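> Please build the complex by placing chain S on the supplied structure of chain R, with the hints as guidance.
Given next are the chains, with one letter for each unit.
2 protein chains.
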Amino acid sequence: MKPIPEPTRKRLIRLAQLLSQQKFKPLDETQNELPKTITSLRIQKLTGWSNATIRKDISYMNVKCGASNGYKIEELHRAITTKLGLQIDGDKKRCCIVGLGKIGQALLEYAGFENSNFELVAGFDSNVNRTEILTAPFPLYTTSYMKSVIKEQNIEYAILSAPEKEATALAIKLSEAGIKGIVNYTNALISVPPGIPVKNVSIISALQNLL
Amino acid sequence: MKPIPEPTRKRLIRLAQLLSQQKFKPLDETQNELPKTITSLRIQKLTGWSNATIRKDISYMNVKCGASNGYKIEELHRAITTKLGLQIDGDKKRCCIVGLGKIGQALLEYAGFENSNFELVAGFDSNVNRTEILTAPFPLYTTSYMKSVIKEQNIEYAILSAPEKEATALAIKLSEAGIKGIVNYTNALISVPPGIPVKNVSIISALQNLL
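Here the protein sequences line up with chains R and S, keeping their order.
Start counting the first sequence at 1; every next residue gets the next number (the working numbering).
Start counting the second sequence at 1; every next residue gets the next number (the working numbering).
These aren't lab readings, by the way, just hints derived from the structure by calculation.
Watch out, some of these pointers could steer you wrong.
Identical copies go unnamed one by one, so any copy, or any two together, can satisfy a pair.
Dumping the calculated BS3-like pairs for lysine-lysine here, alpha-carbon to alpha-carbon at most 25 Å [claimed, not checked]:
#1 Lys45 with Lys180
#2 Lys173 with Lys45
#3 Lys199 with Lys102
#4 Lys10 with Lys199
#5 Lys151 with Lys64
#6 Lys36 with Lys180
#7 Lys147 with Lys180
#8 Lys173 with Lys102
#9 Lys165 with Lys92
#10 Lys36 with Lys64
#11 Lys36 with Lys165
#12 Lys83 with Lys102
#13 Lys147 with Lys72
#14 Lys10 with Lys147
#15 Lys45 with Lys92
#16 Lys56 with Lys165
#17 Lys199 with Lys45
#18 Lys151 with Lys180
#19 Lys10 with Lys165
#20 Lys36 with Lys199
#21 Lys165 with Lys72
Computed from a predicted model, the values in this text were never measured in an experiment.
For reference, chain R alone in the conformation it holds in the complex (with noise of 0.2 Å):
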């Protein structure tokens, strides 16, 4: 099988989240059955991507198209998950968030979680008043534990929602305990050793890319 490259990754990704929201809503409000294809020509509309990039992409996936009826919803939601590593009832994946203020907080219950292939499953500060005042439905622990809670756990990616400066030195403690991916809630610009991908997702970076 052909490698899948970075951009048609990041893509289907996207299409995956847009095909199970197609899945619950109808294309428009006179219809009360739901859609159960759904043509390239659609997704265009609803991505702004190219035809020729949305049948390129999904070609990656050998799926049959239907010259005029489109893909098949559920079909083409199962090959992507299923190819990609996605699907929601499968194992989950072990996650933990470090650093507990304002935003680590809001996480620590986000349902965005449940329809994902994703769990949480342990929260770290370095602040033993956060770990001890915080509720979660998994434990809170300081950040001394960390490595030993990630390697015994088996914890595979954390979300790094600390203060700036105290980010690339709990990145660097994360690599340490061996994650294998880390999202960078922070603004600070993260530095760890090569082969841990670090995925930035900064609001004020985010707003910055909008000008």
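Same frame as chain R, now just chain S:
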């Protein structure tokens, strides 16, 4: 002047962040003085971008680099922020938060805005209970006032942190109100009229892109 390609722009924004961090931090702990210059090799080490990419990106900024001394941090930082419109001492871009659930609420007092070229000036939620209970350093309104407040207050950018099922309807409302860009904090893939840029910072997408 040559137009700046999107990936270069994105890296330069991260570089400006890095430079503002470098200004406050000695290169190693034995040094007491703050570094005044930075070499492209040091930037390479901190970011993982290739030396050639870094030099090419910076070439858009028309700043000089002493062969052995590297770039002057202050000068390079100022050049980038000026060219890309990121100055924090100029007029700040006015932003609003749409959706005041747990995440939206946490963003109301997010300290990251202080050192940025953006400011929050309004918040919106469809539920009047939320807008009445919550406190913020700026007014909170129900979404029925969204269009008029955005126009009257010259709000240019919106951060969308509403529930997934309300996301597209609110994004369309925002575009009708004349918003210039949207940061999408939800997991929903939102459809807006062409010409309105959307940056997705969904935590679940970020995690999926790490797999």
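> Work down the list of hints and note, for each, if the structure agrees.
Hint by hint, here is what the structure shows:
no.	hint	result
1	Lys45 with Lys180	between (35 Å within a copy, 20 Å between copies)
2	Lys173 with Lys45	between (44 Å within a copy, 18 Å between copies)
3	Lys199 with Lys102	both (20 Å within a copy, 22 Å between copies)
4	Lys10 with Lys199	both (12 Å within a copy, 13 Å between copies)
5	Lys151 with Lys64	neither (43 Å within a copy, 47 Å between copies)
6	Lys36 with Lys180	neither (37 Å within a copy, 34 Å between copies)
7	Lys147 with Lys180	within (13 Å within a copy, 43 Å between copies)
8	Lys173 with Lys102	within (22 Å within a copy, 28 Å between copies)
9	Lys165 with Lys92	between (31 Å within a copy, 24 Å between copies)
10	Lys36 with Lys64	within (14 Å within a copy, 59 Å between copies)
11	Lys36 with Lys165	between (50 Å within a copy, 20 Å between copies)
12	Lys83 with Lys102	neither (36 Å within a copy, 33 Å between copies)
13	Lys147 with Lys72	neither (45 Å within a copy, 38 Å between copies)
14	Lys10 with Lys147	neither (30 Å within a copy, 32 Å between copies)
15	Lys45 with Lys92	neither (32 Å within a copy, 33 Å between copies)
16	Lys56 with Lys165	neither (43 Å within a copy, 29 Å between copies)
17	Lys199 with Lys45	between (27 Å within a copy, 17 Å between copies)
18	Lys151 with Lys180	within (12 Å within a copy, 45 Å between copies)
19	Lys10 with Lys165	between (30 Å within a copy, 22 Å between copies)
20	Lys36 with Lys199	neither (34 Å within a copy, 29 Å between copies)
21	Lys165 with Lys72	between (48 Å within a copy, 22 Å between copies)
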